[in-house]
Amino acid sequence: MLANYLKTAFRNLMRYRVYSLINILGLAIGMAACLLIFLFVRYELGFDRFHRHAGQIWRVNEVQSFGGITPQHVALSMFPMGPALQEEYPEVRGFTRFWDRGEQFFRQGEQGIFIKKVAAADTAFLTMFDFPLRAGDVTGALREPYSIVLTEETARKFFGDADPLGRQMLYQDSLLYRITGVLREVPANSHLQFDALVSISTFDTERRRTQWGSNFLVTYLQLAEDVDIAGLEAKFPAFLTKYIGEGATDYYQLYLQPFLDVHLGSTDVTHDYQNFQKFDRRYIYVFVILGIFILIIAGINFMNITAARAASRGKEVGVRKTVGAGRLQLTGQFVGESVLLALLASMLAIAIAEMALPYLNTLSERNLRPDVAENALILPAVFVAAALTGLLAGIYPALLISAFRPAMVLKGLQHGVAGKSRSRSILVVSQFTIAIIMIAGTILAMQQLNYMREQDLGFDSDHILLLPMSDVANDQYRTLQTEFLKHPGVLGVTASGQRLGNNVHQMSSRYEGKEDGYGVSILNVDLNYLDFYSIAVLEGRGFNPEREADRGSSYLMNQALARKLGWDQPVGKGAKLSWKEEMGTVIGLVKDFNFNSLHHQIEPLLITAQDWSFNEMSVKVRGNQLAAAIAHLDSVWGQLVGDRPFDFTFLDTHLAELYRADRQSGTVIGIIAVLALVIACLGLFGLASITTVQRTKEIG
Numbered sequence: 001m002l003a004n005y006l007k008t009a010f011r012n013l014m015r016y017r018v019y020s021l022i023n024i025l026g027l028a029i030g031m032a033a034c035l036l037i038f039l040f041v042r043y044e045l046g047f048d049r050f051h052r053h054a055g056q057i058w059r060v061n062e063v064q065s066f067g068g069i070t071p072q073h074v075a076l077s078m079f080p081m082g083p084a085l086q087e088e089y090p091e092v093r094g095f096t097r098f099w100d101r102g103e104q105f106f107r108q109g110e111q112g113i114f115i116k117k118v119a120a121a122d123t124a125f126l127t128m129f130d131f132p133l134r135a136g137d138v139t140g141a142l143r144e145p146y147s148i149v150l151t152e153e154t155a156r157k158f159f160g161d162a163d164p165l166g167r168q169m170l171y172q173d174s175l176l177y178r179i180t181g182v183l184r185e186v187p188a189n190s191h192l193q194f195d196a197l198v199s200i201s202t203f204d205t206e207r208r209r210t211q212w213g214s215n216f217l218v219t220y221l222q223l224a225e226d227v228d229i230a231g232l233e234a235k236f237p238a239f240l241t242k243y244i245g246e247g248a249t250d251y252y253q254l255y256l257q258p259f260l261d262v263h264l265g266s267t268d269v270t271h272d273y274q275n276f277q278k279f280d281r282r283y284i285y286v287f288v289i290l291g292i293f294i295l296i297i298a299g300i301n302f303m304n305i306t307a308a309r310a311a312s313r314g315k316e317v318g319v320r321k322t323v324g325a326g327r328l329q330l331t332g333q334f335v336g337e338s339v340l341l342a343l344l345a346s347m348l349a350i351a352i353a354e355m356a357l358p359y360l361n362t363l364s365e366r367n368l369r370p371d372v373a374e375n376a377l378i379l380p381a382v383f384v385a386a387a388l389t390g391l392l393a394g395i396y397p398a399l400l401i402s403a404f405r406p407a408m409v410l411k412g413l414q415h416g417v418a419g420k421s422r423s424r425s426i427l428v429v430s431q432f433t434i435a436i437i438m439i440a441g442t443i444l445a446m447q448q449l450n451y452m453r454e455q456d457l458g459f460d461s462d463h464i465l466l467l468p469m470s471d472v473a474n475d476q477y478r479t480l481q482t483e484f485l486k487h488p489g490v491l492g493v494t495a496s497g498q499r500l501g502n503n504v505h506q507m508s509s510r511y512e513g514k515e516d517g518y519g520v521s522i523l524n525v526d527l528n529y530l531d532f533y534s535i536a537v538l539e540g541r542g543f544n545p546e547r548e549a550d551r552g553s554s555y556l557m558n559q560a561l562a563r564k565l566g567w568d569q570p571v572g573k574g575a576k577l578s579w580k581e582e583m584g585t586v587i588g589l590v591k592d593f594n595f596n597s598l599h600h601q602i603e604p605l606l607i608t609a610q611d612w613s614f615n616e617m618s619v620k621v622r623g624n625q626l627a628a629a630i631a632h633l634d635s636v637w638g639q640l641v642g643d644r645p646f647d648f649t650f651l652d653t654h655l656a657e658l659y660r661a662d663r664q665s666g667t668v669i670g671i672i673a674v675l676a677l678v679i680a681c682l683g684l685f686g687l688a689s690i691t692t693v694q695r696t697k698e699i700g
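Going by my numbering, 521 is the number at position 521 of the sequence shown; the sequence numbering is gapless.
For the record, the hints were derived by calculation from the structure and aren't laboratory data.
It is possible that some hints are incorrect.
In silico DSS-like links for lysine-lysine, alpha-carbon gap of 27 Å or less [as the list claims (entries may be wrong)]: (1) LYS591 to LYS564; (2) LYS278 to LYS116; (3) LYS564 to LYS514; (4) LYS242 to LYS580; (5) LYS117 to LYS157; (6) LYS117 to LYS278; (7) LYS580 to LYS514; (8) LYS157 to LYS242; (9) LYS591 to LYS573; (10) LYS576 to LYS591; (11) LYS580 to LYS591; (12) LYS116 to LYS157; (13) LYS576 to LYS514; (14) LYS564 to LYS580; (15) LYS576 to LYS564; (16) LYS573 to LYS514.
Using C-beta positions, here's what the derived DEER-type ranges look like [unchecked claim]: (17) ILE244 to ILE284: 33 to 39 Å; (18) ALA230 to SER534: 47 to 53 Å; (19) GLY638 to THR241: 18 to 24 Å; (20) ARG178 to ASP130: 20 to 26 Å.
We put the CB at the ideal spot given by N, CA and C, even for glycine.
Whenever a hint applies, use it, and build me the whole structure from the sequences.
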């Protein structure tokens with residue numbers, strides 16, 4: 001009997017090949033989309049889970065509540081915090097700090113190379129986390145000052161296939177680092193990414209060991225098992241009071257974030273520079289819901305087309321019932337055919353997913369497993385899901401068909417089937433409603449992205465090059481500025497302590513007539529910065545190179561800070577950074593501009609021109625002389641700055657990168673929504689074709 005059923009199933013598959021193809025293709029597209037969504041979601045949920053002790057590791061975060069600004073959750077902590085926490089609390093079994101040093105230039109012999117991601121870490125880093133060494137001692141590789149551990153790829157850039165252990169590398173033309181280890185490549189699904197690690201003991205000075213007011217690195221703790229986290233966090237206020245002083249808890253709170261929660265649970269955490277491919281957990285829920293929706297749409301298609309074909313198989317059912325087939329047997333026959341089609345669709349779905357996966361990897365910048373068929377866990381799950389889908393989708397039409405009365409069917413009376421068209425109409429309306437909702441959501445997401453892309457940021461960002469500055473570049477800054485401007489394609493040169501669009505550092509500040517200090521974002525700039533970036537000064541004036549007081553004693557504030565202070569006319573009022581002894585003067589009020597990304601509201605900002613080293617130079621060039629201007633900059637840089645080669649990025653490229661994750665998610669959601677509409681249209685086409693055939697005689 002089973003052989004007969006299979007034979008009948010294949011015969012019907014070939015006989016109604018167009019409708020079978022529509023059925024299989026619609027379900028295959030839906031299943032392929034669900035499979036890709038599953039791979040993406042599994043990848044995101046799997047971040048950092050390769051560490052054996054991940055469940056015992058916690059990140060120390062701060063809540064900073066300085067007066068005048070909204071409290072902020074901050075990923076950065078203070079240099080001495082990790083050692084002090086381990087010393088104070090027996091629950092803390094170990095700690096490590098991770099200090100992102102950014103891109104650094106090293107020499108080895110005559111060869112000089114930028115190492116893109118350099119970080120400083122404690123000795124315990126390599127034992128707390130599972131980043132295996134290919135060569136070197138995991139317990140001592142980062143113990144001594146001026147030790148450096150390279151990844152395999154970085155080591156190959158300098159040494160090829162030679163053994164680099166014990167070799168030395170020159171940093172800033174004066175500091176020698178000894179290579180003490182070679183790491184295997186860092187997994188892509190790690191929120192900590194680096195190309196080289198240097199020992200944090202290199203920077204362990206007496207000043208830093210007592211530097212409790214500055215947050216610039218991340219601290220991770222490894223706790224004993226079964227620690228009462230809430231109980232440990234309750235001890236932190238006393239800890240802050242002991243080490244920072246009375247009143248510290250008015251400004252700082254500490255809390256522990258699970259290590260496995262960092263990747264998906266840090267949406268509201270700022271200054272989270274070390275969180276590679278930081279993702280919003282809410283998008284995971286969105287993708288799962290979309291996957292369910294698209295599978296529902298595909299299942300409705302499958303059910304509708306199978307049910308609509310019931311009329312053409314009425315005589316077959318009548319004959320089978322006449323010769324003794326029971327309802328259970330008939331139901332099994334049609335459910336079996338449905339499952340067979342679903343299994344064929346699953347095979348096609350795997351092929352579609354295989355072909356689409358490289359494009360998804362490129363779009364999402366992820367490293368999803370490229371060969372679905374080789375994944376021993378996924379493959380059986382796909383077939384089981386297909387069988388269940390076929391079973392659920394086939395039950396309704398199977399029960400409908402098996403309920404036919406033989407006498408009426410054999411006489412050609414099939415109105416019982418037609419009477420079920422209302423149910424099919426409801427299902428069609430339901431699937432299109434879901435598809436339209438998905439399209440509407442996509443449109444809203446795209447509108448938000450367009451807003452981010454087209455929003456006036458409040459400063460000029462066109463044709464601006466950003467050049468990282470070393471100590472030598474700072475020493476030569478004025479000469480570089482003069483020489484750069486000699487080219488007609490260079491329109492302006494300025495410098496700053498931080499790049500626009502990044503989380504600007506905060507410092508405590510004080511103001512005339514205000515008893516409390518205020519934590520505000522601080523932007524340290526060259527005197528021509530406001531003119532260079534076309535930042536509007538609403539009241540007062542900008543910095544003037546001819547006025548000596550403007551260097552360190554004059555400030556400009558944005559409208560947000562003036563509102564927080566309750567000042568309608570801030571120009572002329574007193575202001576200072578808290579550590580300065582003498583009060584300076586507010587010389588201007590600038591229009592609010594988005595110095596952070598559009599993910600954050602505009603916070604109070606104080607602009608100063610302190611005598612500090614700059615981190616970055618900004619150069620504005622003419623668009624029609626771009627290549628010639630860059631060649632000139634490269635030549636001048638090579639003559640005046642010997643510690644590192646010329647390197648730059650465009651400001652507009654940097655700003656676009658801030659919203660890359662939003663664009664990627666919006667694009668993926670859009671593709672899923674379009675697929676849902678395509679599947680729904682396939683089903684509608686199939687139903688329309690079946691209805692046309694069924695009414696041919698009536699029309700004729």
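Between the alpha carbons of LYS242 and LYS580, is the straight-line distance 27 Å or under? Answer holds: LYS242 to LYS580 is near 24 Å, not above 27 Å.
Taking 27 Å as the top limit, are the C-alpha atoms of LYS591 and LYS573 close enough? holds (18 Å)
Distance restraint between LYS278 and LYS116, which requires alpha-carbon spacing of 27 Å or less: holds (19 Å)
Can the restraint linking LYS576 and LYS514 be considered satisfied, given a maximum Cα separation of 27 Å? holds (12 Å)
Quick one, are LYS116 and LYS157 close enough, alpha carbons at most 27 Å? At roughly 12 Å apart (the allowed maximum being 27 Å), LYS157 and LYS116 satisfy the hint.
Compare the distance between the alpha carbons of LYS117 and LYS278 with 27 Å, and conclude whether the hinted pair is satisfied. Holds: LYS117 and LYS278 sit about 16 Å apart, inside 27 Å.
Please verify whether LYS564 and LYS580 have alpha carbons no more than 27 Å apart. Since the Cα atoms of LYS564 and LYS580 sit roughly 22 Å apart, the hinted pair holds (cutoff 27 Å).
Compare the distance between the alpha carbons of LYS573 and LYS514 with 27 Å, and conclude whether the hinted pair is satisfied. holds (11 Å)
Is it true that the CA of LYS576 sits at most 27 Å from the CA of LYS591? holds (20 Å)
Pair hint outcome, LYS157 versus LYS242 [Cα-Cα no greater than 27 Å]: Given that 27 Å is the threshold and the Cα spacing comes to 47 Å, the pair is violated.
Are the Cα positions of LYS580 and LYS514 separated by 27 Å at most? At roughly 16 Å apart (the allowed maximum being 27 Å), LYS514 and LYS580 satisfy the hint.
Between LYS580 and LYS591, does the CA-CA distance stay at or below 27 Å? Holds, at about 26 Å.
Of the numbered hints given earlier, the model fails hints 8, 19; all others are met.
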